[in-house]
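Protein chains: 2
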Amino acid sequence: MESDTSKAAEHLLDWLRDAHAMEEQAETMLTSLAGRIETYPEVKQRIERHIVETREQQRLVRGCIERLGGDTSMFKDLTGKMMATFQAFSGVFASDEIMKGAMFSYAFENLEIAAYSQLVEAAKFVGDAETAAVCERILQEERAMAQWIEHNTPGLMRQFLMRADDPESQAKR
Amino acid sequence: MESDTSKAAEHLLDWLRDAHAMEEQAETMLTSLAGRIETYPEVKQRIERHIVETREQQRLVRGCIERLGGDTSMFKDLTGKMMATFQAFSGVFASDEIMKGAMFSYAFENLEIAAYSQLVEAAKFVGDAETAAVCERILQEERAMAQWIEHNTPGLMRQFLMRADDPESQAKR
Numbered sequence: 001m002e003s004d005t006s007k008a009a010e011h012l013l014d015w016l017r018d019a020h021a022m023e024e025q026a027e028t029m030l031t032s033l034a035g036r037i038e039t040y041p042e043v044k045q046r047i048e049r050h051i052v053e054t055r056e057q058q059r060l061v062r063g064c065i066e067r068l069g070g071d072t073s074m075f076k077d078l079t080g081k082m083m084a085t086f087q088a089f090s091g092v093f094a095s096d097e098i099m100k101g102a103m104f105s106y107a108f109e110n111l112e113i114a115a116y117s118q119l120v121e122a123a124k125f126v127g128d129a130e131t132a133a134v135c136e137r138i139l140q141e142e143r144a145m146a147q148w149i150e151h152n153t154p155g156l157m158r159q160f161l162m163r164a165d166d167p168e169s170q171a172k173r
Numbered sequence: 001m002e003s004d005t006s007k008a009a010e011h012l013l014d015w016l017r018d019a020h021a022m023e024e025q026a027e028t029m030l031t032s033l034a035g036r037i038e039t040y041p042e043v044k045q046r047i048e049r050h051i052v053e054t055r056e057q058q059r060l061v062r063g064c065i066e067r068l069g070g071d072t073s074m075f076k077d078l079t080g081k082m083m084a085t086f087q088a089f090s091g092v093f094a095s096d097e098i099m100k101g102a103m104f105s106y107a108f109e110n111l112e113i114a115a116y117s118q119l120v121e122a123a124k125f126v127g128d129a130e131t132a133a134v135c136e137r138i139l140q141e142e143r144a145m146a147q148w149i150e151h152n153t154p155g156l157m158r159q160f161l162m163r164a165d166d167p168e169s170q171a172k173r
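Chains A and B, in that order, are what the protein sequence lines are.
In terms of the working numbering, the first sequence has 171 at position 171, counting the first letter as 1, and numbering is strictly consecutive.
In terms of the working numbering, the second sequence has 109 at position 109, counting the first letter as 1, and numbering is strictly consecutive.
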């Protein structure tokens, strides 16, 4: 099959590997974040739901890679570097940790949104309808998570600042 | 004035400093990116327009910081770390550089969107209408840039992959 050896098909496979590495990193970060949240139960609950989605996304992306004859053992340098920072972040305990967590999670979800948007187009380009459908499905879940963060940020901020000004309260996470 | 010494007001000032550092980093990254783009003139042009906006945003944020009695010499560790990675990225020349550039720029714009969304709420909370208005204005510019990237990604991807499969073409940037 011609498209299997085209540059476009090679890029598609590379990007699927990047996406798989990204989802593995997402699981690590989200698990660490959820484990540290103490006083924002609704945030913790939403993250836990997204961890379940993330594991399923890993499985779906792995399925696409294997169907295209690739494996998930490699991932590209650049994504690895980016992921390492998000990981470094997930170990930081700042006084405004819950708000920084919301901010970086929103950026990370949007990194995933960009990745899957590109994958949908690349899969369509090489005529791989199944990969396009899988990536479209994951894209919707990432969008839902990003929208949840956006929608809940104003309330979270007010709650955080009210607690910050209350000496009895533990606001930071 | 009570609110000047509240924890909430301290957070607001810290976050404005973070935003200022973020805009400085944005200028460095965008300048590097625009300087390397060779075969996607419409992307280069949009980035150059955003560099002009970014410089004005730095000035506006600095104005808020100075009005609140702060200075821009410090910025918080976490943001510094995050920025360093985006900077590291801006030095990478991958074979799919234009697509990775679009992806990371989209994530970065959304990091800025999250930061200014939080700042708008924090400024309203402490009753600083001027900072809220400045951050709301910048937020709209960041959203416009993110939307531009999102809107242009499908076409950019098709162009990239067509060129990737054409041995005569220089697709990567």
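Among the clues, some could well be false.
Copies of the same chain look alike in the list, so a pair counts if it fits in one copy or across any two.
For lysine to aspartate or glutamate, the following EDC-like pairs were computed, each having C-alpha atoms within a straight-line distance of at most 20 angstroms [what the hints assert, rightly or not]: (1) K124 to D165; (2) K124 to E53; (3) K7 to D71; (4) K7 to E97; (5) K7 to E168; (6) K44 to E56; (7) K44 to E66; (8) K7 to E24; (9) K124 to E136; (10) K124 to D14; (11) K7 to D165; (12) K7 to D166; (13) K7 to E66; (14) K44 to E24; (15) K124 to E150; (16) K7 to E48; (17) K124 to D166; (18) K44 to E27; (19) K44 to E141; (20) K44 to D71; (21) K124 to E38; (22) K44 to E97.
It is worth saying that the hints were derived from the structure and are not from the lab.
Go through the numbered hints given earlier and state which of them the structure violates, listing their numbers in rising order. 2, 7, 8, 16, 20, 21
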